[in-house]
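Enquirer: These protein sequence lines are chains D and U, in that order. Counting in the numbering used here, the first sequence runs from 1 upward without gaps. Counting in the numbering used here, the second sequence runs from 1 upward without gaps.
It cannot be assumed that every hint is accurate.
To be verified - Here are the simulated lysine-lysine pairs, DSSO-like style, with alpha carbons at most 30 angstroms apart:
#1 U/K106 <-> D/K227
#2 U/K56 <-> D/K148
#3 U/K106 <-> D/K23
Said to hold, decoys possible - So these bits of chain D aren't anywhere near chain U, every CB distance computed over 10 angstroms:
#4 K33
#5 A67
#6 R94
#7 R240
#8 L264
#9 E283
No wet-lab data here; the hints were simulated from the structure. For clarity, every value in this text was computed on a predicted model and none was experimentally measured. Just so you know, even glycine gets a beta-carbon here, dropped at the ideal spot from N, CA and C.
Spelled out from the first residue to the last, the chains are:
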Amino acid sequence: MTKMEATRDGYGQALLELADNEKIVILEADLGKSTKSLHFRKAHPERTVSCGIGEQNMVLVAAGMAASGYIPFASTFAIFTERAFEQMRNGVARPNLPVHLCGSHGGTHTGTDGSSAQSIEDLAIYRTLPNVTVIHPSDSVSTRVLTKQLASSPSPSYMRTARNKTPVLYDDVGEDVIQIGKGIELKNGSDVAIIACGVLVSEALKAADLLAEEGIHATVVDMHTIKPLDSKLIDAVSERCGSLVTAEDHSIIGGLGGAVAEHLSTTDGTPLERVGVNDRFGESGQAHEMLELMGLNAAHIVLAAKKSISRK
Amino acid sequence: MTTADELREVARKCRVHIVDMVYRAQAGHPGGSLSEIDLLTALYKTQLNVRPSEPKWEDRDRFILSKGHASPGMYAILAEMGFISVDDLESYRVLGGICQGHVDMKWCPGVDFSAGSLGMGLSFGMGTAIAARLDGSNRQTYVMLGDGEIQEGSVWEAAMASAHHELGNLNVILDRNRIQNDDFCETQMRMFDIPAKWKAFGWNVMEIDGHSMESIVEGLEFLAQSNDGPSILIAQTVKGKGISYMEDNPSFHGAAPNDEQYAQAMKELGVSA
Numbered sequence: 001m002t003k004m005e006a007t008r009d010g011y012g013q014a015l016l017e018l019a020d021n022e023k024i025v026i027l028e029a030d031l032g033k034s035t036k037s038l039h040f041r042k043a044h045p046e047r048t049v050s051c052g053i054g055e056q057n058m059v060l061v062a063a064g065m066a067a068s069g070y071i072p073f074a075s076t077f078a079i080f081t082e083r084a085f086e087q088m089r090n091g092v093a094r095p096n097l098p099v100h101l102c103g104s105h106g107g108t109h110t111g112t113d114g115s116s117a118q119s120i121e122d123l124a125i126y127r128t129l130p131n132v133t134v135i136h137p138s139d140s141v142s143t144r145v146l147t148k149q150l151a152s153s154p155s156p157s158y159m160r161t162a163r164n165k166t167p168v169l170y171d172d173v174g175e176d177v178i179q180i181g182k183g184i185e186l187k188n189g190s191d192v193a194i195i196a197c198g199v200l201v202s203e204a205l206k207a208a209d210l211l212a213e214e215g216i217h218a219t220v221v222d223m224h225t226i227k228p229l230d231s232k233l234i235d236a237v238s239e240r241c242g243s244l245v246t247a248e249d250h251s252i253i254g255g256l257g258g259a260v261a262e263h264l265s266t267t268d269g270t271p272l273e274r275v276g277v278n279d280r281f282g283e284s285g286q287a288h289e290m291l292e293l294m295g296l297n298a299a300h301i302v303l304a305a306k307k308s309i310s311r312k
Numbered sequence: 001m002t003t004a005d006e007l008r009e010v011a012r013k014c015r016v017h018i019v020d021m022v023y024r025a026q027a028g029h030p031g032g033s034l035s036e037i038d039l040l041t042a043l044y045k046t047q048l049n050v051r052p053s054e055p056k057w058e059d060r061d062r063f064i065l066s067k068g069h070a071s072p073g074m075y076a077i078l079a080e081m082g083f084i085s086v087d088d089l090e091s092y093r094v095l096g097g098i099c100q101g102h103v104d105m106k107w108c109p110g111v112d113f114s115a116g117s118l119g120m121g122l123s124f125g126m127g128t129a130i131a132a133r134l135d136g137s138n139r140q141t142y143v144m145l146g147d148g149e150i151q152e153g154s155v156w157e158a159a160m161a162s163a164h165h166e167l168g169n170l171n172v173i174l175d176r177n178r179i180q181n182d183d184f185c186e187t188q189m190r191m192f193d194i195p196a197k198w199k200a201f202g203w204n205v206m207e208i209d210g211h212s213m214e215s216i217v218e219g220l221e222f223l224a225q226s227n228d229g230p231s232i233l234i235a236q237t238v239k240g241k242g243i244s245y246m247e248d249n250p251s252f253h254g255a256a257p258n259d260e261q262y263a264q265a266m267k268e269l270g271v272s273a
């Protein structure tokens, strides 16, 4: 039986584990129960700042604290972080202050709240900001490990976590395998490479199994860090496989697929098929129903892989 | 103790710097710099606990110019305080210069906030005030807001949150010069009873004459003694104060004087040709 956990739980656990560092502070915008910063708040209320339902203020309060030597972790839903995009741009990224913004409930996978809550553009917009690291982990373990690594980064970050449970992929893996900026090869085939992030990494693994039944051997990469992109790994799997697929619960414009396409435009132009939300909004539905409706699940990744192989 | 006359003389020199900077760059914001400069002068000279030779001293008071376009005013007082040199003022809006168009903490010693986008400084100041409290320090945060600026909704997120957290070490000075970019505030967006708004948000409020050094010093004392929550001085000012043709004139929110206007300004500021 596969162990299932939500990445947001990994985030909450990491904050607790970081609490020994007295410079760690938490900022909330009335969604701590949802983003899982509540565990830290309960243990360390004096280092938790409630900003009410005010995301723009929260991001800049965090900036002021970072400028005073603190290490702020601020969280709300991914979609509501976008409301503070300009604060993140002008108040955090521009002065390069180590504010760590976490957007939970990202993607269409977040489900029945519907399109207003399904951020499908967050990775794209934060990726455009100089100095900002952009991360979208695939499971609770890597979320915990990467969140803890962020605490010693001198620069700001945006991390997207997910609301719903997904398979735990790294239960038996040493923490040294999971490093900011380094993609992780989970399968090592030579016919096609599927580069995925977040909740679609487990779908990519399922797709690789389906492809294997047809004699097609896929590489699967968990590209948890969208920026800086692990371009060396992309070059290596491009050379080995000769065809690529990206898979993300995010718009096909500007996210992981966009980042990989930008990189390929400067190299040899390996065929690339992008699995992602095809320039549309979602609707209310269960997580698995959304992945099917938006064309993001394993079956769609299989089709994209075959198409990419056919373009070699 | 600096006397009111001494403060007035520093402010006069700052006004000369402001007009010089904007004239040289043929760009910038003289109106709001001239309206705020008496306030900045008194704040830096009588209250702000900072070390010009050690601008990053950890326990310094923080001053945040949220209306960051009024940067010539801040550069002028930083030069008079010795954070930067008078020669540095020539770098205003010049490629590679420490005096960027809008004040920037990454470029200029003595600047604690990278401004330029209105409505952001009070939130940042709330962060520095909470950090001071966590540090167990008595250092103060002062934030200068423009009156047009408080039309930004996020200012009120910060106002509400600062009062909720009872930040007695957070102080705002509002430069009520009644003019914004396009026209008079009254035309662009009426703000009705500004003191009542801040009181309703839970702030200590005092109104002062922002061009009377005696009134300003009294106001700064009020800020120093109000520690039960955040406090604001609402300073009645005149946009372009000190240069006759700029005073109360929306055209000089963001415009530079020509040669003739420059000469007249210098004459009015007592600078011999």
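Enquirer: If a hint holds in the structure, say so; if it does not, say that too.
Expert: Evaluation of the provided hints:
no.	hint	in the structure
1	U/K106 <-> D/K227	holds, 23 angstroms
2	U/K56 <-> D/K148	holds, 28 angstroms
3	U/K106 <-> D/K23	holds, 22 angstroms
4	K33	holds, 19 angstroms
5	A67	violated, 7 angstroms
6	R94	violated, 6 angstroms
7	R240	holds, 43 angstroms
8	L264	holds, 34 angstroms
9	E283	holds, 30 angstroms
Checked against the numbered hints above, the structure breaks hints 5 and 6 and satisfies the rest.
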